[in-house]
Amino acid sequence: MKIEKYQTSSGTRYRIQVYLGVSKTGRQIKTNRQGFKTRTEAKKAYNKIKKDYNSGKLKLKSQNPYNIYTLNELYPYYLKRYKPTVKPQTYSQFVERYNRLFKDTLGKYKLKSITPIIAQEVVNRLAKKYKSYRNYVQILSPIFDYGVILQVCPMNPFKLVTFPKKDPRTAHQPKTVLTKDELLEYLYACNTVSPFYYTYFSTLAFTGMRASEALALTWKDINLKKGTVKIDKTTIYDRNSNTTYVQDNTKTDIARIISIPKSLVNVLKQWKRLQPQNKYIFSKDNKLYSSIHVRSWIKSINKVLPQNLKDKKITSHVFRRTHSQLLLQSGVPMFYISKRLGHTNIDTTQDYYLSNTKELEKQALEKLDTYLHQIK
Numbered sequence: 001m002k003i004e005k006y007q008t009s010s011g012t013r014y015r016i017q018v019y020l021g022v023s024k025t026g027r028q029i030k031t032n033r034q035g036f037k038t039r040t041e042a043k044k045a046y047n048k049i050k051k052d053y054n055s056g057k058l059k060l061k062s063q064n065p066y067n068i069y070t071l072n073e074l075y076p077y078y079l080k081r082y083k084p085t086v087k088p089q090t091y092s093q094f095v096e097r098y099n100r101l102f103k104d105t106l107g108k109y110k111l112k113s114i115t116p117i118i119a120q121e122v123v124n125r126l127a128k129k130y131k132s133y134r135n136y137v138q139i140l141s142p143i144f145d146y147g148v149i150l151q152v153c154p155m156n157p158f159k160l161v162t163f164p165k166k167d168p169r170t171a172h173q174p175k176t177v178l179t180k181d182e183l184l185e186y187l188y189a190c191n192t193v194s195p196f197y198y199t200y201f202s203t204l205a206f207t208g209m210r211a212s213e214a215l216a217l218t219w220k221d222i223n224l225k226k227g228t229v230k231i232d233k234t235t236i237y238d239r240n241s242n243t244t245y246v247q248d249n250t251k252t253d254i255a256r257i258i259s260i261p262k263s264l265v266n267v268l269k270q271w272k273r274l275q276p277q278n279k280y281i282f283s284k285d286n287k288l289y290s291s292i293h294v295r296s297w298i299k300s301i302n303k304v305l306p307q308n309l310k311d312k313k314i315t316s317h318v319f320r321r322t323h324s325q326l327l328l329q330s331g332v333p334m335f336y337i338s339k340r341l342g343h344t345n346i347d348t349t350q351d352y353y354l355s356n357t358k359e360l361e362k363q364a365l366e367k368l369d370t371y372l373h374q375i376k
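To convert, note that position 120 of the sequence shown is 120 in UniProt numbering; the numbers rise steadily by one, no gaps.
Possibly wrong hints are sitting among the right ones.
[As the list claims (entries may be wrong)] Derived SDA-like pairs: lysine to any residue, alpha-carbon spacing no greater than 25 Å straight-line:
no., residue 1, residue 2
1, Lys131, Ile298
2, Lys83, Asp248
3, Lys43, Lys83
4, Lys230, Thr244
5, Lys159, Leu101
6, Lys287, Phe196
7, Lys159, Val148
[Unchecked claim] Computed beta-carbon distance windows for the label pairs:
no., residue 1, residue 2, range
8, Lys50, Gln89, 50 to 58 Å
9, Lys128, Gln89, 26 to 34 Å
10, Ser113, Lys50, 28 to 36 Å
The set of hints was computed from the structure by calculation and includes no laboratory data.
Beta carbons are placed, not taken as given, at the ideal position from N, Cα and C, and that holds for glycine.
Construct all of the structure, not just a fragment, from the sequences and the given hints.
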């Protein structure tokens, strides 16, 4: 029993701290009372609190059983729940984005202080800076949902925000795609820098595979006689451990075997003769590369590109988009393009990759003109 004497303007008073046990999480349960005029009065109150609590008559106000008060303190608890539900690549990306965008800013805020007004300010700032800002909001919202479950925050303020509309002048800007001549010009530049670059980017351009899928290719995946390539894995870069490893499925869990043109078969044959007998086609002494390396390769190539291609702001994904565009221009059905690219549905192919239609419009008009000329 802990009884303390203290002084007030009205004279001597007594206060008590009552230990009531341990919670399910191992945290001590205590309650405090003060203002008693005598030690005997304080002692009676102490005994009554113990008796009422043990009998269930006394219900203490809900306390924070996990000692979680800030967003950064809640975040690790959510990660333990989130990690088993997603692929390692998705988890690694989630952690990287939280640390980059929120750890040193919103993460230091008390959970109770993050009101809908503050949440709206966060959303507005993200919307000004990022086109896909909703993806970043989706990092925060489930963390607060879990905080509500744990009873460490009163609500999820990000469920009460309004998402800013995109500027109509930029919402439908066409994505970067290379024409056939631009692609050949780019590959020529690659070859002047390194046969490795030439082979890698030729593979991206003539298969449409994702950059990480190409990095995971082994020579067993390539059938140079039949002219096919098996795509059933991808490389994953773990930012936390700074390591790259191979995951035995693709981004959409769709494995596929696709045909490749003779020109690419010849490029791969030549590369096989040049490189040491590595297990992975695009590796150095079987050390795996990651998307970070690909970005550095593109920077090296940019140094020798003509200005018209430098202005294109080329990324590894441009070759995937260009591949789909060239197939469509060649009259290849949309359904086949979707399967070749490993999309889960044809809508992805239509909405995302085929946003640049100027060349298609030109071809359509030429065909219409030819047809009308024939019926004159």
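Going down the list of hints, with the structure as the test:
About 23 Å separates the Cα atoms of Lys131 and Ile298, which keeps this hinted pair within 25 Å; it holds. Pair hint Lys83 plus Asp248 holds up; C-alpha atoms about 18 Å apart against a cutoff of 25 Å. This hinted pair does not check out: Lys43 and Lys83 have alpha carbons roughly 50 Å apart, beyond 25 Å. Restraint check: the Cα-Cα separation between Lys230 and Thr244 comes to about 21 Å, which is no more than 25 Å; the hinted pair holds.
Distance restraint check for Lys159 and Leu101: the Cα-Cα separation of roughly 19 Å lies within the 25 Å cut-off, and the hinted pair is therefore satisfied. For the proposed pair Lys287 and Phe196, the alpha carbon gap of about 14 Å is at most 25 Å, so the pair holds. For the hint pairing Lys159 with Val148, the CA-to-CA distance comes to about 12 Å; that is within 25 Å, so the pair holds. For Lys50 paired with Gln89, a C-beta distance near 54 Å keeps the hint of 50 to 58 Å intact.
One distance hint, 26 to 34 Å for the beta-carbon pair Lys128 and Gln89, holds here, with the actual separation near 28 Å. A C-beta distance of roughly 35 Å is found between Ser113 and Lys50, which places it inside the suggested range of 28 to 36 Å.
Taken one by one, the earlier hints fail for this structure only at number 3.
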